[in-house]
Amino acid sequence: MSLASTITNPPEPEIHASHDVHEHPFYQKHHFETAEQQREAASFGMWLFLLTEIMFFGGLFFAYLLYRNWYYDAFVSASNSINMVMGLINTIVLIGSSFTMAMAVWSAEVRNKKLLQIFLLATVVLGFAFLGIKTGEYYDKFAEHHVPGASFDIHDFVHPQPGTNEKALSVDMANKTQIFFSLYFAMTGVHALHMIIGIGILIGLLWYSRSGIYTEGYVQPIENFGLYWHFVDIVWIFLFPLLYLINRH
Amino acid sequence: MSTIVSLPDQTTAALPKRTYINNEHGILSWLLTADHKRIAMLYLVSITFFFFIGGFFAGMVRLELLTPAGDLMAADTYNKMFTMHGIVMIFLFLVPSVPATLGNFLIPIMIGAKDLAFPKINLLSWYLYMAGGIFVLTTLVLGGVDTGWTFTTPLSTHYLNTHVVTTATAIFIAGFSSIFTGLNFIVTIHRMRAPGMTWFRLPLFVWSNYAASVLMVLGTPVLAIAIVLVALERTIGIGVFDPTKGGDPLLFQHLFWFYSHPAVYIMILPGFGVISEVISTFSRKRVFGYTAVAFSSVAIAVFGFFVWAHHMFIMGVSNYSALVFSLLTMLVAVPSAIKIFNWSFTMQKGSITFETPMLYAFGFIGLFTIGGLTGVFLGALGMDVMLTETYFVVAHFHFVMVGGMLMAFLAGIHFWWPKLTGRMYPESVSKLAAIITFVGFILTFFPQFVVGYLGMPRRYHAYPPEFQVLNVLSTAGATVLGVGYMLPLLYLAWSLKYGAIAGNNPWQATGLEWQIQSPPLTENFIETPIVDHEAYDYEWLERTKERELQHVG
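Protein chains in written order, with our numbering: chain W, 352 to 600; chain S, 91 to 643.
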């Protein structure tokens, strides 16, 4: 059987000789009539959960829209002060992890345990890489006194370093950069929290994959987690241009 | 007075040998259960506990308002009292009341399924609810919170020194419990229906819970993020709502009411479902205009998302948006009126009997109509500017939530009590309780419309002496109301041991839940039912009974 046809027509769940022909696959819960019904329910449930996540992030994106319109100059200056190269690298890392996650789902579908574990592990590693780079960026912001709160300092925006094309902001507008950084930390922080939870679940999946359940037909947990991981990735795809690329010269 | 109650012969009748209650034993079998019926019972016990906690605070508020001077407690203690009353009642009682108890118990059975789609997530949602509840109790022990249940910024972020963050955590966690309940219901209703159970054969209770679930799933996350931002502003000082940093407090109002207005429909919609079932059963008629009632639930859910700014007419939103939101608010009255009219037409020429659930349903229709119509007053821009932040709003809200939702909850609890426990509640004392509740309610809250219209502001512990008569009436009514709520607690507990054996179908109702034993088996149905009749088809029920008689005979 070629790989392509394995994906479009996944093999039937194996039925052991000792079992009745009407026996359900081992992963079917008792309250479902068929494995098909269970699969549809799980996948529908996951999409609904992602919908709640969209609403959750939606509140933040709404706040962003509002304040970016009000304090555009402050948003441009503040956006230029964060490290675009790091953001770009992180974008690539995260898209890469989405690729390895998609490959993990494929590995589960073609029932290759070794590959599944390799791709899950690769996703974990890339997830940690993302968080590591993000930590570096946060550290820079702390060092520059750009974290909202008592130690926030607008000096960099009122007196930009000579030699750069940065526009000097009035004190009043420079104060509004604090709103940008509030949103920057809230949005990337909530996103990072989703990454951390995701990595936790990934490690769990990796652990349970040793028994081989995911590579004997029970693809649903891997597939559903894949949906979550891609969602977290897509949120970043929106965050990157909105936070890093407002008006780069 | 005629009755439709048909109980088995009490001398020979006994509870079924094997039920969901005695299937397993021990406290762990309850705490680790994945059975939707047992989880519903866990919820029922917990929300009752929190209802009486919230009721205690309401009692303290009414006691303080007995006299014009602030003589029972200091102003900030009073603020904590009404805040805790609001938070406990809304987030720990009203939101989960019908969906998490009756909905949890009945939705899988009504659609012919063995369980909800995700039993473990269902249990998780109860644990999240309890975690939220424990955070609220922690707040209480630490000294309470006095923001009002609305967490208005910058009051909550800058000017109060009470336990805002623990309360915010409580609501954040309890919110996830409600998200998971809603998600579970939606997937279950879409994917777990028995063969033949089409969308338009679903009981209206399922439709209205479906609409409420959509609101839970889409609204609650927005509250969650608003609460997170408030907590972050208090703890680490980000400035999204802080005017000194360029933030806008009005943004918090938008985010908060984007959930909290739909939240009142989360609270009331499942109540509508209960009333539809009760009215149909005790009128022996199919619900008039079934499709209209079903779609009006969905319409309320949709419109409900586009009216939130009517809470903000005096907060500096633009006149044009206020105009639009005023109009949209009045639109919600249309589907609500459709329901009221259809229930009335259901009763017309029906064979009405006056069992306790029906009495509560009558109370619901009367009180909810008043509550709904005063909502139209408040939706009108000019009136709202006059009446908002007065006792008129308090009275309106309580007519809908207590007069509406609590009546519906009690109607539902009495109606399905035989199915939940296998035993009947005592009929005469429960009728008395229904009447006491109704009288107490009117006495408590009707004077508040008047006193609000005369200009008494809400949320103050003292008031001018000329308002005292009306406030005394209100406090007296609250005492009567308290008796009305204690009575069911006592006689329902009594009936667990001494109530008459109910049999499968004491009301001769048509829902799938009445065709199985009471209390049900853990797996609900021995065989997956095949549905071949419409909802509320009493002729089908007669035919089935005749067939059974022929078989036995």
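No lab work stands behind these hints, which were simulated from the structure alone.
Heads up, some of the hints might be wrong.
Cut-off 25 Å, straight-line C-alpha distance, at most; resulting in silico cross-link-like pairs (DMTMM-like, lysine to aspartate or glutamate) [claimed, not checked]:
(1) W:380 with S:99
(2) S:635 with S:166
(3) S:210 with W:391
(4) W:380 with S:617
(5) S:210 with W:404
(6) W:380 with W:504
To give a feel for the contact side, a few chain W residues facing chain S, derived at Cβ under 10 Å [said to hold, decoys possible]:
(7) 396
(8) 530
(9) 545
(10) 548
Chain W stretches covered by chain S per the calculated footprint, using a threshold of three residues with CB under 8 Å from any CB of chain S [unchecked claim]:
(11) 467-481
(12) 579-588
Since we're looking at a predicted model, the values are computed, not measured.
Ideal Cβ positions, reconstructed from N, Cα and C, are used throughout, including at glycine.
Quick rundown of the hints versus the structure:
1. W:380 with S:99: violated (39 Å)
2. S:635 with S:166: Since the Cα atoms of residue 635 of chain S and residue 166 of chain S sit roughly 63 Å apart, the hinted pair is violated (cutoff 25 Å).
3. S:210 with W:391: Measuring from Cα to Cα gives roughly 17 Å; hence the hint holds.
4. W:380 with S:617: OK: residue 380 of chain W and residue 617 of chain S at ~16 Å, within 25 Å.
5. S:210 with W:404: holds (20 Å)
6. W:380 with W:504: Violated, at about 57 Å.
7. 396: holds (5 Å)
8. 530: holds (5 Å)
9. 545: violated (13 Å)
10. 548: violated (13 Å)
11. 467-481: Per the Cβ count (0), the hint is violated.
12. 579-588: violated (count 0)
The structure is inconsistent with the numbered hints 1, 2, 6, 9, 10, 11 and 12, although it conforms to all the rest.
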